[in-house]
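Trainee: So the chains spell out like this:
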Amino acid sequence: MTSPAPGRAAGDYAVEVEDLAIRYHGKPALSGVTFQVRRNEIFGIIGPANSGKTSFLRAINRMDLMTAGMEVSGSVRVEGRDVRSWRNPYALRQRIGVVFPLPVGLPLTIYDNVALSSRLRGTRRKADLDVIVERCLRRAALWDEVKDRLDSLGSLLSGGQQQRLTIARALSQDPSILLLDEFSIAVDPVTTMRIEEVLAELRSEMTIVLVTNLVQQARRLAARTAFFLTGELVEVTETETMFEGGAQDPRTTAYVEGKFG
Amino acid sequence: MTDVAHAADRRDLAWWVDRAVQILVLAGGLSAIVFIAGIFVFITREGAGFVFDRFDFREFFFSPRWTPTSSHNPTYGALALIAGTASVTGLAMVVSVPFSLGAAVYIGEFATGRVRETLKVLVELLAAIPSVVWGFIGLSIMNPLIIQIFDVPIGLNVLNSGIILGLMAAPIMTTIAEDALKAVPDTYREAAEAMGATRWQVTFKVVLPAARNGLVAATLLGVGRGFGETMAVLMASGHSINLPTSPFDSVRALTATIAAELGETAAGSDHYQALFTLGIFLFLVTFAINFAADVFVRGGQRKHRRRGRRPAASANP
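Chain order of the listed sequences is C and Y. All residue numbers for the first sequence refer to this note's numbering, where the first residue is 1 and numbers rise by one. All residue numbers for the second sequence refer to this note's numbering, where the first residue is 262 and numbers rise by one.
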């Protein structure tokens with residue numbers, strides 16, 4: 001049991017990570033990670049390539065189950081419960097929305113992309129689905145662009161539109177946690193800013209873990225930021241402190257100032 | 262200066278090898294076209310006399326009377342033969358589609374590691390069993406089994422040959438269907454699994470729809486295989502001219518007719534030419550089926566174009 005920070009109850013955390021280590025075929029990718037993500041917080045994770053950011057996200061929603069050779073040790077608690085004690089990992093994943101670096105518009109219509117999650121959970125009524133689809137597309141700032149062609153293939157949208165479609169799809173799960181993995185890699189700057197606005201609004205309803213390759217994006221959005229470097233957690237600090245030169249580790253300061261990475 | 266000019270114009274060994282290889286592979290590619298065209302020209306020429314002089318559209322397609330050896334009034338009605346081939350192929354598809362799609366989904370989506378590799382090898386091995394062996398199984402195992410189970414006088418019939426043909430076609434259909442599933446990008450599976458979809462939901466809601474065209478192509482190629490199969494059908498179908506009304510009727514297939522009768526006809530006779538006309542018909546049908554399969558495979562590629570799919574293997578096995 002992690003001892004919660006003073007003045008905070010265990011229930012205040014959406015994700016609690018303790019001594020997490022991840023290996024692929026015995027080769028360590030991440031080790032010794034311990035921190036907590038607060039409820040309704042945008043939590044940033046920055047670090048250069050191969051620092052273990054994506055692996056960390058995969059451990060949260062138990063993607064290790066379907067990744068050959070991926071071993072996870074230590075503990076990840078979501079809503080107070082170790083993810084490996086969920087007997088139904090599908091239920092866990094339904095509570096966690098994921099947005100991947102490259103947009104994955106499933107080869108379904110725009111409507112079906114967003115309705116998929118609800119359908120998987122048994123919603124059949126067209127009227128109910130219509131409401132969900134419209135609400136999620138609106139919240140992902142995509143509705144106005146696609147409302148006249150909901151029946152065309154989602155995979156034919158532009159990169160930026162597809163990424164907002166995947167966000168709408170993740171929102172349709174009604175998640176309590178949203179994981180974003182370098183969502184802006186294939187998205188133009190204007191769309192990136194729109195998505196950032198969307199995320200800022202979503203914070204009141206869910207916890208957001210934002211892995212980003214853009215340190216300034218973490219600065220714009222995240223309350224606290226973790227710095228990962230070559231499979232190791234260097235530090236977790238209030239974002240403003242980190243960017244104002246108050247980082248605990250000189251490597252962090254060097255990274256956020258653009259001296260490497 | 263002269264050195265540069267020299268290098269610019271000198272054709273070295275690599276240049277010549279490249280040129281030679283280009284011509285060689287071009288010849289290989291063209292030969293496929295030449296052979297196909299040559300076969301078509303040959304069977305058309307052999308059947309031409311019949312098609313132009315003796316051919317009666319109504320008799321050929323609507324009469325079940327195939328009596329080419331009758332001395333006073335030979336008739337060439339192919340309806341019973343077409344019905345024989347169609348009924349056997351139809352039943353074969355009923356058998357092979359669930360088997361092959363099930364096997365492909367298991368190998369492609371559920372099995373992992375060594376189980377998967379072993380199964381793939383076994384399925385490919387199954388595809389290599391000679392058709393005469395299948396015919397033998399139909400004749401000596403299925404036949405008594407059908408007589409015993411269904412209490413019918415003869416076990417060489419539509420049921421027997423349909424099952425045999427279905428089992429024969431299933432491995433190649435499995436292989437092609439599995440290729441179609443493999444062509445679905447893993448990112449689709451991962452995205453759906455991350456939403457909390459179970460394996461089966463991922464397969465049913467995302468992978469199968471995405472692979473639909475390839476799966477249709479696999480089925481069509483199975484149909485083509487059934488249409489063209491000769492030996493196993495000849496041995497297991499009973500080879501009697503019959504418009505089948507139940508799976509326990511013996512039938513005769515187009516291919517089996519050609520195989521059984523061609524050796525006993527005088528070259529150039531009406532009968533000989535009529536058999537070649539059957540051949541033209543078979544050729545056109547299988548060509549149409551393969552062409553349709555190809556169109557479906559290409560349709561499938563177009564859908565994944567944005568994700569940079571690898572080109573699928575030729576639809577013609």
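You may find that some hints are simply not true.
To be verified - If you anchor each label on the Cβ, the simulated ranges turn out as follows:
#1 P470(Y) x K126(C): 28 to 36 Å
#2 T459(Y) x K126(C): 21 to 29 Å
#3 T230(C) x V355(Y): 56 to 64 Å
Unchecked claim - Think about it this way: if two alpha-carbon atoms lie no more than 30 Å apart in a straight line, the pair counts; the simulated DSS-like pairs of lysine-lysine are:
#4 K27(C) x K259(C)
#5 K126(C) x K147(C)
#6 K126(C) x K381(Y)
#7 K381(Y) x K466(Y)
#8 K443(Y) x K466(Y)
#9 K466(Y) x K27(C)
#10 K381(Y) x K443(Y)
#11 K466(Y) x K147(C)
None of these hints come from the bench; they were simulated from the model. If you're wondering where the values come from, they're calculated on a predicted model, not measured in any experiment. Every residue gets a Cβ at the ideal spot worked out from N, C-alpha and C, and that includes glycine.
Trainee: Each hint: holds or not?
Mentor: Hint check results:
Distance hint check for P470(Y) and K126(C): the Cβ-Cβ separation is about 19 Å, which falls outside the suggested range of 28 to 36 Å. For T459(Y) paired with K126(C), a C-beta distance near 24 Å keeps the hint of 21 to 29 Å intact. Between T230(C) and V355(Y) the Cβ separation comes to about 58 Å, which falls inside the hinted range of 56 to 64 Å. A hinted pair counts as satisfied when its Cα atoms are at most 30 Å apart, and K27(C) with K259(C) qualifies at roughly 28 Å.
Among the hinted pairs, K126(C) with K147(C) is consistent with the structure: their alpha-carbon atoms are about 16 Å apart, no more than 30 Å. About 42 Å separates the Cα atoms of K126(C) and K381(Y), which puts this hinted pair outside 30 Å; it is violated. Straight-line distance between C-alpha atoms of K381(Y) and K466(Y) comes to about 24 Å, which keeps the hinted pair within the 30 Å bound. Taking the CA atoms of K443(Y) and K466(Y), the gap is near 16 Å; set against the 30 Å cutoff, the hint holds.
A threshold of 30 Å between alpha carbons decides the hint, and for K466(Y) with K27(C) the separation of about 35 Å lies outside it, so the pair is violated. Restraint check for K381(Y) and K443(Y): satisfied, since their Cα atoms lie roughly 13 Å apart, inside the 30 Å limit. As the CA atoms of K466(Y) and K147(C) are separated by approximately 23 Å, the hinted pair is consistent with the 30 Å bound.
Hint compliance for this structure: hints 1, 6, 9 are not met, and every other hint is.
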